[in-house]
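Enquirer: Start from chain S and add chain Y according to the hints.
Protein chains: 2
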Amino acid sequence: MEKVYNFCAGPAMIPAEVLSKVQDELVNWNGLGTSVMEISHRSQDFIAVAEQSEKDLRELLSIPDNYHVLFCHGGARGQFAAVPMNLLGDSDTADYMDGGYWAHSAVEEAKKYCAPNVVDITCERDGKKAIIPASEWSLSDDAAYVHFCPNETIDGIEIRDLPQTDKPIVADMSSTILSREIDISKYGVIYAGAQKNIGPAGLTVVIVRDDLLGKAKQILPSILDYSVLVDKESMFNTPPTFAWYLAGEVFKWLKSIGGVAEMQQRNEAKAKVLYDFIDSSDFYRNEVHSDNRSLMNVPFQLKNPELDALFLEQAKAAGLVALKGHRAVGGMRASIYNAMPIEGVQALVNFMAAFEQQHA
Amino acid sequence: MEKVYNFCAGPAMIPAEVLSKVQDELVNWNGLGTSVMEISHRSQDFIAVAEQSEKDLRELLSIPDNYHVLFCHGGARGQFAAVPMNLLGDSDTADYMDGGYWAHSAVEEAKKYCAPNVVDITCERDGKKAIIPASEWSLSDDAAYVHFCPNETIDGIEIRDLPQTDKPIVADMSSTILSREIDISKYGVIYAGAQKNIGPAGLTVVIVRDDLLGKAKQILPSILDYSVLVDKESMFNTPPTFAWYLAGEVFKWLKSIGGVAEMQQRNEAKAKVLYDFIDSSDFYRNEVHSDNRSLMNVPFQLKNPELDALFLEQAKAAGLVALKGHRAVGGMRASIYNAMPIEGVQALVNFMAAFEQQHA
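Chains as they are written, first to last, in the UniProt record's numbering: chain S, 1 to 360; chain Y, 1 to 360.
So that you can see chain S by itself, here it is in the shape it has in the complex (with noise of 0.2 angstroms):
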């Protein structure tokens, strides 16, 4: 198949502009007759592609002047650890707020640092899946810091409230980052793996408070020390420079499309699109609030469930990939993250349409 609409929720698509351009540059890259990978991180060719890309990720966030931007090694769950090793200093407690797998699955590392307090934050709403709104999450005195996951990428839920707190707010940013805007100042930390918004799986980014800095546990693994990491301007070891790059060539296309609030449009009407289909049809429903639905991932069921591996099989043929929902909740999936074009969205309604005149 010469091209597809790719859905999968991660490692997921990159903007075909910006694989086109790494494909042409992959052998021979800035005239240097080598490709990007083959060169020393420590070059002066990668460090104008390091410096560029946390120059342009801190334009498209506008990222404060009092918070470092780091790329590391080691995914979301690498921070599952390094969250609590890095800011927990004297506390022996956090506040972790369980909205759904990838949040629960943060506390569970936690554990091993920690008593997290966590708190259950989900509800059902109008016999929809809902989340507790942020101002009446419980929150602990003697807690370090509140973290939670605002994009829950297997329910499709999206949390776009924050609590009232003086203590820093962590967020795993994975689904999230880059697709619509964000006020960096409220949070200490946000990091997110990069196979969602941002590039190929094995970088991951964090954006750090200054003064949040320099509590780090002796038991700490350097390449999770964010104050070794800011030393080292990323590069305390080798770091993934092929993803490195190729995140550096994502943002600047994000750049040229007009930024993160023309992104947050398209994507606002991408998933308008594929809601307002579903919520006009008795053949397929969303389980989740309309309060709480994700832009980014959007599951969807089929009435009749023994529909469901012809419905893939169908759309697979027609050039619309990777729909399988996640096994923990069924059915069908489409994570339209940025790189998914709204010609994407429209197709998978065309076809998820005439599937319908066809089964209904």
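A hint or two may mislead.
As the list makes no split between identical chains, a pair holds if one copy fits it or if it spans any two.
To be verified - Below, a list of computed lysine-lysine pairs in the BS3-like style, where the Cα atoms sit at most 30 angstroms apart:
#, residue 1, residue 2
1, K217, K111
2, K316, K232
3, K112, K232
4, K112, K252
5, K55, K255
6, K316, K303
7, K21, K316
8, K128, K272
9, K232, K252
In case anyone wonders, no lab produced these hints; they're calculated from the structure.
Expert: Using the frame of chain S, we list chain Y on its own:
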């Protein structure tokens, strides 16, 4: 410049045939209409990549069945922390043989978790840098394991012998793996950052003997926990899929040329051309005793260091790039990893001879 010979110490050259194939299929891999970096690590297509790459690596290195192969995040420096946290068990010491910059860096990280017994194994032999024979290394009785680095990239030192011990031998093989034949059964753990002989930076290969699992400290981040990675088949979190795929292509290439035995012959031939030329010249010199000269990294000095800059400039103009030595030793360094063809070494020697003739 269209094509150069790239002597970078890492991230290093990728075999030209591999890079060309990767470029061809970058936007449409396996006929899926997507890039390999855009598909789920849990998809059948990627699992086939993961399985084949492990199978090929096992075949290339004759890895016995009682060893696990892991594809990890974090680089070799991640393993500097992972090794003590996985292997110390109840012991509070391990033997660290210090033969150079990288072995020493492993010591610094190990100090977070134990009181390492650090043994300086460097010596001078016939006025050259050398390493004390492994049979004479001072091992301690209560060490949980013996750690060493068989190839020091900065000094251009290689260690080919092993100590007699019933303790697990742990080796940082970042610059050794796949370059020459190794008897895996003599080791407890072998680890290697990918960016020398395997693939792009950001991937780490770990080979661990079965009986060493299950001793991990509770504080070990799960992404570095060998038992977790074994249990989840290196997919506890999203692995660096593109780097893994590319490593698999490098393994296929290595098999296609005849495997590690053939590669070792080629590497020995390449190194001989370069060392023989250096030894025949009064204009260049290498400081390492022939007992311990690295097959992979050949540092050399010009008699007159004032010519260094000119040498580098003219070499670059001749398509011979990344020859600058590490700042710790100065001069030049030619890294001639697996992907460097003998034609590249010959071109370097020809250039060196011409430069000598011009400036001697």
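Enquirer: Please name the hints from earlier in the document that this structure breaks, with their numbers sorted from lowest to highest.
Expert: 4
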